[in-house]
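Visitor: Place chain B on chain A using the hints.
Protein chains in written order, with the numbering used here: chain A, 1 to 418; chain B, 1 to 148.
Wrong hints could be hidden among the right ones.
[Stated by the list, open to error] Negatives, chain B to chain A, calculated, CB over 12 Å:
no., residue
1, 19
2, 51
3, 80
4, 82
5, 126
[Stated by the list, open to error] Covered by chain B, per the in silico footprint, the following chain A stretches (three or more residues, Cβ under 8 Å):
no., region
6, 19–27
7, 37–46
8, 71–80
9, 254–268
Worth flagging that the hints you see were computed from the coordinates, not collected in a lab. Predicted model only: the values in this text are computed from it and were never measured. The C-beta atom is built at its ideal place from N, Cα and C for all residues, glycine as well.
These are the residues of each chain, in order.
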Amino acid sequence: MRRIATGDGGYSALWVAIVALFLVASAALAVDTSGAFGTAQTDQTTADLSCLAGVHEIPDDPSAGIEVAVAYAVDNWASMSGHTTVHSGTTGTYGDGAGNEIFVDAAFSGDPSKMRVRIVEIEGTYFGKAIGHDSITVVQEAVCYHQEVKNGAGLLPIGALAGSWNGDLFDCAAKITGNCGALSPDSPGANVYRDAVANGIDGEFLKHHGNRNVADPDTGYPAVDCFANPCNVSETEPGNMVGPWHQGLTLRFDDPTAQCLEASWFNCDSLAQVLGAAPIPLGSSGVTPPQLGWHDSLYGTFAAASSATHPNAQHYYFNGDTLNCDSPRLATVPIIAQNLDWDLGSVPGTLPNGRKDVKFIEFYTIYIREPSTIAGIGGPIASDVIWFGPDTECSDGRPFVAVGSTGPVDRGVWLVDS
Amino acid sequence: MGLSTKERGSALVEAALILPFLLLLTFGIWTTARAWNVNNTIAHAARETARHGATIDPWDAAASPEAARAVADADMASASIDTRVITDCIELVANGATSTCDPGHTNTTGTDQVLVRLRYPGYRLEFLFFSSTIDLEGTAISRHEAAP
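One chain only, chain A, in its complex shape (with noise of 0.2 Å):
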C-alpha cells in the first residue's frame, strides 16, 4: 500500500465538506417536500370539510351547495377571502387569479347527488429557487354523497282510517289506478309523493281530536294545514299513485348497509335485526306494559292487541336502547279521521280520489314485514305496530322520536303518552 504523503492532510475535512454538501441539498429537498406534504394535509381537510358541508344542499339547489362548499373552504384557508365564485350551471370556481383556486362541482359524475370539492394551492418553496423550482402545485381532492335518511322519524305519507286498519290497507298492489291513501303534507305532485315515500316526510306533524274549529281537547292545539309546520291536516293526492308508490319503494329499500340484503341493495331486515332484539309480542308473559294513551276508538282493545289476535299486524312492544333508527323498514303512518265533515268522501272506510282535506288523529310506528324481497315490491305491504316504551333509545345513543322532531304537543304512538 502506497505510503499516505504529506499533502494528504485535511482529507477527511474534504470528504466530510461534500457529504455535508449533500445532507444539506437533503434537508432543503426534504423542508420543500414536507412543506408541499403539511399542505397538502390541510388542503385534504378544507376538501373534506367544505364538501360535507355543501353536500347537504344538493340535490334540491346546487348553486347553494356550491356557496356553501366555498364558504367552507375558505374559513378553512384563510388567505383566500375576498374572492368571487363563477358558477358555470351546476359547477362554481372560486380562485384568486395567480393559480390558487377552489373548484366545486355539485354534480360529480352527471350524479346530482354527489360532489366533487377541489382545492388547488400553490405552495412557494425555500430552497427550489436555487434549482428553477420557485413554487410546488398542490391538488387535493374530496368527493362526498348526499343519501337521505330514511327513517322511522319520517312520516310514511300514506293514510290509515282509524277503526280499519289491518296492517296493508295502503296496499296499492290490488289497484290498476287510485291513490292508494296517498296523502300530500309537504306539496303535491307523483315525484314529490315518489320520493316522500322513499325518504319519509321529515317535520312537525301533530294530532287532533273533535271538532276542527276547536282546538284539540288533550293538547289544545288547533287544526293547521300541512302546507305549515307543524300541522295535523293533510291534503291527499289527486292522481294515480300506483306507480310512484312503488317507485318510491324501490328506492326506500335500496339500502345497502342494512344487515339483511338481497342482490347488495334490497333491505330485508327482519324485526329482530330493526329492533336489535327478539321482537316481544304486545301482552306476552312477564310483559306488562303501560297502557296510558291507548284509545279503544283507534286500535281496538288493548286485550285483543294484547292477546295478538289482529289479523295482520301483530302489536310488539318495544323498551330498550338498540333500536336501528334509521331502518327504512320502520316508518310512522297517520292515521286520519274519517268523520263525514272531514270530506272523506261518501264512503266510510275508503280515502278519496281527488283532493280533500283528511286530519290526523294518532299515529302507528310500524315494522314494514312484507315486501321482504325485491320481488315482492308491487305486491301487498304489509307491517306489524311497534309501541315504545319511554326508555326506547337509537343504537347510536340519539333518543328516539316516533314522529316529526320538537315541539309543544307530544305525538306519536309512544304508549305512555298524554
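Guide: Chain B in isolation, oriented as in the chain A frame:
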C-alpha cells in the same frame, strides 16, 4: 502502514472540528421532524374534533366543547403530546355571529358551524447547543349538522 509523526491525530482533530456541525445537523433534523409530527397531530386532532363536534346535537355551550376536546386529547395523547399545554377554542358559532373565543372569526356561511382551534404555544425546538420556541396550531371549521 502508519502515518508519519506529524500527521498522527489529524483525522481526530478534523473529526472534532466537524462533529459539532454534524451533531447540530442531526439534532436539527430530529427536533424539526418532531415539531412537524406534533404540528400534524394537532392539525389532525383539530379536524377530528371539528367532525365530532359537528354531530353533537343539541350543542351545549357548557358541556359540548369539553366532549369535543376529549377527542382531540385522545388523538394528541397517542402521539405523546402533553395535552395539558394545549389551549383550545372550541365553539358553536351561529350563522352571522362572531366567535367569542376567537374574535377574529365571523361565520358568514349561512349555516351554524363548529370552530376548533388548538394551539401549542411555545413548543421547544432543541438544537443541542441552543434552543428556540415556536407556536404550533391546528384549525378546522365544520358545518354543524343539526337534526332536521
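Visitor: Next step is simple, just say for each hint if it's right about the structure.
Guide: Structure-based check of all given hints:
1. 19: 9 Å, violated
2. 51: 8 Å, violated
3. 80: 20 Å, holds
4. 82: Consistent with the label, residue 82(B) stays out of reach of chain A, its closest Cβ about 22 Å off (over 12 Å).
5. 126: 17 Å, holds
6. 19–27: This one holds; 4 residues, not fewer than the three required, reach chain B with a Cβ under 8 Å.
7. 37–46: holds (count 4)
8. 71–80: holds (count 4)
9. 254–268: It is violated: at least three residues are needed, and the region 254–268 of chain A offers just 0 whose Cβ sits closer than 8 Å to chain B.
Checked against the numbered hints above, the structure violates hints 1, 2 and 9; every other hint is satisfied.
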